[in-house]
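Q: Listed below are the residues making up each chain.
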Amino acid sequence: MLRSIVKKTPLLICGAMLLGLLGGCGGGTDPTTKESPSEAKEKQASGGKVVTVAIASDNGISTMDATYAMTDILHYELIYEPLVVFGKDGKIEPCLAESWDFSEDGKEYTFHLRKGVKFSDGTDFNADNVIFNTDRWAENSNTASTAVCKGLQTVEKIDDYTVKFVFDKSFYPYLTELSYPRPCRMMGKDSIDANGKFVKPIGTGMWMIESYQDGKETVLVPNPYYWGEKPKIDKLIIKVIPDSEARVMALQSGEIDFCAVPIPTESMSVIENDSKLSLVSRKGTLGYHMIFNYDVPALQELKIRQAINCAIDKNSIVDNILDGNGTPAAGLFPETVPYVNSKNNLGYSYDIEKAKTLLSEAGCKDSDGDGILEYKGKPLSFKFVFQTDQYPEWKNVCEYIKAELQDVGIDIKLELQPSAQYYDTLWTSRDFDMVMYRTYSDSWNPHGFLRGMYCKASDEAVRVAWNSDELSEMIDSVLQEVDETARQEKYSDIFEYIYENAIAAPIYYPNGFYAYNKSKITGVEFAVTEYELIKWAKIDTVN
Amino acid sequence: MYRQVFQEEAMVKYIGKKTLMIIPVMLIVSIATFGFTSMATGDPAQIILSASGIKVTDEAIALKRAELGLDRPLYVQYTDWLNDIVHFNLGTSYVTGQPIIKALALRFFNSLKLAALGLLFLVMLALPLGILSAVYKGRWIDKFCKALSFISAAFPAFCIGLLLIYIFGVKLKVISVIETEHGWGIVLPAFTIAFAHLGVYLQLIYSGMDDVLNKDYIKAAKAKGLKTRIVIFRHALKNAMLPLVTKFGLTVGGFIGGSTVLEIVFSYRGLGTYIMDAINTKDYPVIQAYVILMALLLALINLIVDVIYVAVDPRIELS
Chain D
1 MLRSIVKKTP
11 LLICGAMLLG
21 LLGGCGGGTD
31 PTTKESPSEA
41 KEKQASGGKV
51 VTVAIASDNG
61 ISTMDATYAM
71 TDILHYELIY
81 EPLVVFGKDG
91 KIEPCLAESW
101 DFSEDGKEYT
111 FHLRKGVKFS
121 DGTDFNADNV
131 IFNTDRWAEN
141 SNTASTAVCK
151 GLQTVEKIDD
161 YTVKFVFDKS
171 FYPYLTELSY
181 PRPCRMMGKD
191 SIDANGKFVK
201 PIGTGMWMIE
211 SYQDGKETVL
221 VPNPYYWGEK
231 PKIDKLIIKV
241 IPDSEARVMA
251 LQSGEIDFCA
261 VPIPTESMSV
271 IENDSKLSLV
281 SRKGTLGYHM
291 IFNYDVPALQ
301 ELKIRQAINC
311 AIDKNSIVDN
321 ILDGNGTPAA
331 GLFPETVPYV
341 NSKNNLGYSY
351 DIEKAKTLLS
361 EAGCKDSDGD
371 GILEYKGKPL
381 SFKFVFQTDQ
391 YPEWKNVCEY
401 IKAELQDVGI
411 DIKLELQPSA
421 QYYDTLWTSR
431 DFDMVMYRTY
441 SDSWNPHGFL
451 RGMYCKASDE
461 AVRVAWNSDE
471 LSEMIDSVLQ
481 EVDETARQEK
491 YSDIFEYIYE
501 NAIAAPIYYP
511 NGFYAYNKSK
521 ITGVEFAVTE
531 YELIKWAKID
541 TVN
Chain R
1 MYRQVFQEEA
11 MVKYIGKKTL
21 MIIPVMLIVS
31 IATFGFTSMA
41 TGDPAQIILS
51 ASGIKVTDEA
61 IALKRAELGL
71 DRPLYVQYTD
81 WLNDIVHFNL
91 GTSYVTGQPI
101 IKALALRFFN
111 SLKLAALGLL
121 FLVMLALPLG
131 ILSAVYKGRW
141 IDKFCKALSF
151 ISAAFPAFCI
161 GLLLIYIFGV
171 KLKVISVIET
181 EHGWGIVLPA
191 FTIAFAHLGV
201 YLQLIYSGMD
211 DVLNKDYIKA
221 AKAKGLKTRI
231 VIFRHALKNA
241 MLPLVTKFGL
251 TVGGFIGGST
261 VLEIVFSYRG
271 LGTYIMDAIN
281 TKDYPVIQAY
291 VILMALLLAL
301 INLIVDVIYV
311 AVDPRIELS
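Protein chains in written order, with my numbering: chain D, 1 to 543; chain R, 1 to 319.
Excised from the complex, chain R in its bound form:
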């Protein structure tokens, strides 16, 4: 009883401490982004003005720089930006002149939707197949899974994506080639993104399960006469999955962060193409907003992963 109360209190403290840690992390991340972006070649004013490939005059560039506030010293630009951010203002894009929040929200929810479905596919495929290949090691299902991970690892995702669009969009005509954001259209990009990660997860689950299944306590459980199902799901799976939680957390972040190549192939307006366009035009405010969003998201995911560890594994001490 006492231990439980202590644990809960410690947990709250732990989460609070971890949350506070996010602030300095974000600050460092934002300074680093600002620094690196400004170090990269190209002047946003020039890039925007010469979008049509026509040479622009120095005068035009100077005017544009003043318009965008790029003529201020770098540290002023940074502190002004920081001031906006703490007042929950993400600023406006250099390219569109519009508040970033609107476009970012659309892209974020699109990416979130795709990530959710992609993760669902990934779990639905990787978990049963990974377990089966470990349980039936060396049998045909194991060989099938090995082949599948090989294909998943060897084929670039855009290749799989284009192939699927061709089969289902052009040949069978059951799905739209370009309307991927609504309705059934999202299935193909979600499957493709899941398939790209399937190989790694199959291998990880397989080796994790294989390891655990050879442990003495599993042998003991089996010897006790427990049903195979119970041995696998209650004893082996939980222990095998623990190391996977961290990897999964990163995958969640990666999925939401967006895959530029897949978004281009599927004409999907996600975060990946959004940030790529911003990088190409050196649209600092957009790059900063994206980085802050992603840093926050990853910090949150890490926090959740830590909490899951503590909750699942009582051996972890909080102090």
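Chain D extracted, bound-state conformation:
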């Protein structure tokens, strides 16, 4: 008797554990409803139309100061508004400022503000409010890098709905910069306390915050005072889901309706095979390219830089490594960027023989027969730095580039660095021969990127991506150009200079793939900028 019980004990214990586990996982909900627990709860909680969106990270409500850059960028767009917005093809359109005029020297801008605009707390938006915001830009580490904040000398109130901005110099992108999602958006006075410390976000935008959990979710409801097109839905919930696989699974389970973060290439087939989900591609304004260190003697040789450009098969990278998820690059910027067009977007096409000829013309020879060419007695061996924290697909791309350059006799030592170290290498220590990099996006292109990479502020010691006074002067000149036609010409000259001198090796322009649940939401239309992402007033729930 005892023996038989003891013999059966393992079976009994295992059985009990299995039961316990299944009970634990399945408890509480009825699996036949096929609705996840939180989904059901949300529907009960509010009778209205709710749309749930996923983002990857968020640093908390305390970082939602309009001038600070630490919160997820979408929040700024939904809550705050700028004086002007960045429209199609970079055209600056009215927003909180209905119209504006500038003085002939390009230093004075007069903005005529929209009347009847209220913040989500019911207070009026007017000239005093603009000055409240511009006052916060002075001596502020968060705004010091933005030309429009830095260059602003005085702001004068002409009347309640007219303000005059006086700048230190003429600089055409001032207006563009005022459209940035940060740091130039207008915040209500009660956003900060008596000590000037940020307390809560108050804006004139379409949405306002109803509730918030740091690093977890933001619940937004329509701003009742919003002057523009009102949203069709009653609630917008933004959920923080750090893992890309988990985001896709949350879409599949119906817990989120739209994923505001691009879908990784490896998950795309999952979305395509799910009849409820829809995958949409958005042509971006980013360009990925290789930066050369201008202090390295071999890379100071034009023919070597041109040879590197010719040795990389960009079509093959897009087709074979990215599964078509991008466009092979010509110049630095894709043609979605203002002032870039098919005529001035020049690049080197893949030609391995030409690459070899250029290398030998540059005086490179493989004298010791190790397969690596030597230039002035030193082997052509380069340290190529990249990161995968923000750009996971770069690993395969960089490995491919290494293999291609090996074929023409250039040795590449790949170095993967964590994001913070990567930027330190690029901007501070300069300990690299080549770096995989990307342009800025949306309204920062092309002016912000060119200025950041090829020019230097008066207090700075070195330029980042190329050291040429000529290029730097060309950029300075276009930034001060008030005439549109002349500006286009000057930009074309700059793009040509970059091409002729091969100061970078453009690789490809990535596409963003976004997914949504078409059985639950409709009206998903891409907005002009990536930070606004979709037209939030158009989105609606299915029934």
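Please note that the accuracy of each hint is not assured.
Below, simulated BS3-like cross-link-like pairs (lysine-lysine); rule was C-alpha separation at most 30 Å, straight line [stated by the list, open to error]:
(1) R:Lys-102 - D:Lys-216
(2) D:Lys-189 - R:Lys-102
(3) D:Lys-49 - R:Lys-171
(4) R:Lys-171 - D:Lys-518
(5) R:Lys-102 - D:Lys-235
(6) D:Lys-216 - R:Lys-113
Calculated directly from the structure, the hints in this document are not laboratory data.
For clarity, every value in this text was computed on a predicted model and none was experimentally measured.
Use these hints to put chain R onto chain D, whose structure you have.
A: Leaving out everything else, chain R in the frame of chain D:
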């Protein structure tokens, strides 16, 4: 009687001494963290300002450094921090500008909750299975346990986690994919974290039990005619478990300390992701607060482990 009083007195002294030892340990730990963090590449001011990937000017960085107090010499930063700590002020985060205590408390209790459930799962699974595999050595249950430890050791935890989310969240829809902090949602992450450690514990319990079961005193107990149950639970188990107490103490600390990868997979706001974010942005005050908290916790756990040893094993002399 006399011996018992002596033991109690000695025990109090012992605990007091051990507790006092925690202070210098923490001091060394804090200096080491401060040193290592500042040695790592990257300037917090630059990292914070360039979060959006846009190049910032040197002037902006200088302003931010002054704002965060990073322009002071390192030893001043350290002593100021130490001064705050002894006044029970953990300081404010560089990134959020908020007192650390609030965010840390939320993360700590989340991690504590997950750790408690995870440890419960671990004990519930490892203990019976480990004992059974030793008692029924070579039988099917033993083979099953060996297979289980193999899977547990071979599969990375995030893999198991994603698989479970897919099965229960996407296919069966019985559990939320992202709401893991409340209600039933916590079961999956807790099970996953337990499963990741199951393999090691199964093996440890198995070998411990197997060792003890072959000892002469067990044979003697069996020969005496004691019931198998009593032999196993009263004589063998207690002796087999002793070496496991230390390992278990470390596991408790590890569980509470947080698992970054699992927290990311399960969208769980625990200490693991909290410290990882702080390390990435070089948010010194947060890193320091975390390290102090964990050092304190581990020191306490070690103290408890020591006390358990003394309490359970009378052969250990306190003097």
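Q: With reference to the structure, classify each hint as holding or not holding.
A: Do the hints match the structure? See the list:
With a CA separation close to 15 Å, the supplied pair Lys-102 of chain R and Lys-216 of chain D stays within the 30 Å bound. A C-alpha spacing of about 26 Å is found between Lys-189 of chain D and Lys-102 of chain R, which places the hinted pair at or below 30 Å, so the restraint holds. For the hint pairing Lys-49 of chain D with Lys-171 of chain R, the CA-to-CA distance comes to about 26 Å; that is within 30 Å, so the pair holds. Pair hint Lys-171 of chain R plus Lys-518 of chain D holds up; C-alpha atoms about 19 Å apart against a cutoff of 30 Å.
At roughly 28 Å between alpha-carbon atoms, Lys-102 of chain R and Lys-235 of chain D fall within 30 Å of each other, so this suggested pair holds. Taking the CA atoms of Lys-216 of chain D and Lys-113 of chain R, the gap is about 17 Å. The hint holds against a cut of 30 Å.
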